[in-house]
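Visitor: Sequence:
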Amino acid sequence: MNAETYATDGPKTGNKQQPPIMDMPNEELGELPDYDDDDPPPPRPDQKEGISYAALLDEMAVSPTEDIGPPPICITIDNGETTAVLGTLGNLSVAIGKAKSRKTFLVGAVVASLLQDSPVINRIKGHAPTDRAVVLYFDTEQGRYHVQRSIKRICALASVTDLPNLRAYGLRSVPTQERRAAIEWAIYNTPGVFFVVIDGIRDLVFDINSPEEATATATRLLRWTDERQIHILTVLHQNKGDQNARGHLGTELVNKAETVLSVTKDPDNKAVSIVAAEQCRDMDFEPFSFSVNSYGLPCFVDEPDNPKPSKRDKKNKSEAISPEEVDTIFSRAFTIDTHLGYGQLRTNVLAGSLFIGKPLSKNDAEMLVSESLASGRLGKEKPEGKGHEKYYLTSNKDCPDKLS
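When we follow UniProt numbering, the leftmost residue of the sequence shown carries the number 1, and every step to the right adds one.
Be careful, since some hints might not be right.
With a Cα cut of at most 25 Å, we get these calculated SDA-like pairs of lysine to any residue [as the list claims (entries may be wrong)]: (1) Lys240 x Ser210; (2) Lys362 x Glu325; (3) Lys100 x Pro267; (4) Lys125 x His388; (5) Lys240 x Phe206; (6) Lys358 x Val301; (7) Lys382 x Pro164; (8) Lys390 x His339; (9) Lys380 x Pro129; (10) Lys240 x Glu184; (11) Lys152 x Val292; (12) Lys152 x His127; (13) Lys380 x Thr338; (14) Lys390 x Ser361; (15) Lys380 x Pro323; (16) Lys98 x Pro164; (17) Lys386 x Asp337.
Please keep in mind that the hints were generated in silico from the structure rather than gathered at the bench. Owing to the predicted nature of the structure, the values given are computational and were not obtained by experimental measurement.
Make the full structure from the sequences, and use the hints.
Guide: Listed below in structure tokens is the structure:
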């Protein structure tokens with residue numbers, strides 16, 4: 001029976017035509033299922049491709065009476081008055097910013113805070129779990145030389161020459177699919193991992209504006225964080241024309257992230273970068289600023305009273321303290337104790353600056369400690385091999401000539 005016959009023949013009910021099967025004799029119909037109108041429809045299968053959706057939903061069910069504790073905290077921002085949670089295990093965060101806004105410096109500070117006890121940039125505090133200590137660091141944008149510079153900077157911020165718990169990889173030359181697979185392999189096969197950095201998440205997709213790739217990538221990251229109970233910090237550029245994260249990938253990651261950080265250059269002082277919370281599941285933290293000192297390390301910057309200080313003001317400030325006066329400050333700082341925690345050392349440095357008649361701000365004191373640590377004037381160790389690391393005064397006098 002052809003289409004023309006179907007269109008013109010067959011019994012009609014009102015204006016509706018009956019399908020040809022209604023006119024077919026029984027011998028042409030053959031064996032057909034005998035359905036009883038009172039029988040329920042066959043049940044829909046709960047399995048597809050080996051997945052039991054009933055079991056899946058049972059596992060994912062959330063009850064108001066279930067005892068579910070908060071996720072373990074791994075990064076906080078503390079300004080001395082309030083503490084904001086930046087990242088927890090089992091979640092994802094995103095750092096966004098324009099090119100050359102110093103995003104990688106911020107990420108390095110976050111990693112350094114996880115690998116030692118003291119706050120970094122006077123704000124960032126790491127909280128490594130007691131049973132895991134390994135950080136994976138993937139850079140997809142820089143060559144090996146510049147990746148190594150980033151890692152050395154992290155070591156300097158942590159006051160060590162090597163970090164055995166930091167596994168760093170430069171993946172710029174690796175094809176996209178292999179790059180993605182290598183990261184996944186490392187996440188699932190590195191014992192003790194709890195924190196992962198992907199500096200250049202854009203390089204895990206072929207098309208940053210593909211909704212399908214964006215969704216698949218975000219889903220993959222969330223699966224990694226959940227199954228491995230790790231935190232993943234991703235880094236992505238902002239659009240050139242606005243402050244949004246680039247492409248569909250950026251939109252998807254921002255929607256799924258626990259925290260979104262922005263890093264922008266201060267419009268009044270391009271040497272300063274401002275870190276702000278674009279979105280946080282916890283309370284937002286107050287924006288803070290940092291610059292890069294003469295040793296290439298990020299250092300906290302106080303909010304200036306005058307946003308555009310003159311060159312003369314800057315010069316007078318940087319030349320205020322001589323090497324001999326720095327020696328006096330630290331000699332007095334360690335008069336009573338040979339080992340000091342960060343807070344006590346900063347307090348003693350402030351007191352020492354008052355003694356020489358050239359009082360420092362809290363920020364200047366912190367910069368002096370940081371630079372003296374990097375130059376070898378100060379060292380860090382665990383007294384008698386126990387407890388937290390503390391600062392001590394070394395005999396190395398090869399130090400910076402002035403406070404920057």
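Visitor: Hint by hint, note whether the structure agrees.
Guide: Quick rundown of the hints versus the structure:
| no. | hint | in the structure |
| --- | --- | --- |
| 1 | Lys240 x Ser210 | 19 Å, holds |
| 2 | Lys362 x Glu325 | 17 Å, holds |
| 3 | Lys100 x Pro267 | 14 Å, holds |
| 4 | Lys125 x His388 | 14 Å, holds |
| 5 | Lys240 x Phe206 | 20 Å, holds |
| 6 | Lys358 x Val301 | 19 Å, holds |
| 7 | Lys382 x Pro164 | 17 Å, holds |
| 8 | Lys390 x His339 | 6 Å, holds |
| 9 | Lys380 x Pro129 | 22 Å, holds |
| 10 | Lys240 x Glu184 | 30 Å, violated |
| 11 | Lys152 x Val292 | 15 Å, holds |
| 12 | Lys152 x His127 | 21 Å, holds |
| 13 | Lys380 x Thr338 | 11 Å, holds |
| 14 | Lys390 x Ser361 | 22 Å, holds |
| 15 | Lys380 x Pro323 | 21 Å, holds |
| 16 | Lys98 x Pro164 | 32 Å, violated |
| 17 | Lys386 x Asp337 | 16 Å, holds |
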